[in-house]
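**Student:** Could you build all of it, start to finish, from the sequences and the hints given here?
Here the working numbering is used: the sequence shown runs in plain steps of one and ends on residue 94.
Bear in mind the hints are in silico, worked out from the structure with no lab data behind them. Be careful, since some hints might not be right.
Derived pair list, reagent style DMTMM-like, types lysine to aspartate or glutamate, alpha-carbon separation capped at 25 Å [claimed, not checked]:
#	residue 1	residue 2
1	K82	E67
2	K60	E79
3	K60	E24
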Amino acid sequence: RLLSAEQHTGVTLTESLAMRPAASVCGIYFAHPQARYFSLGKIGRDQVEEYSARKGLPVSEVEKWLAPVLAYEPAQ
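**Tutor:** This is the structure in structure tokens:
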């Protein structure tokens, strides 16, 4: 009930703590005059292979979901 957020925003929490409506966004933002945006860059095949092993997923599936950030062309 902190800040009467539900009344002020119209956003509520479900029993599983999901926000409703589904398009709701929340976050904590910290500002500093020297803060800058930065990019992490593209990821290599070695990173994809390790991630797929940790997640127990095939490399091809991980490549499909991470395609926009791959530093290489996946094998077809």
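**Student:** Indicate, hint by hint, whether the structure satisfies it.
**Tutor:** Hint check results:
no. : hint      : result
1   : K82 / E67 : holds (13 Å)
2   : K60 / E79 : holds (17 Å)
3   : K60 / E24 : violated (39 Å)
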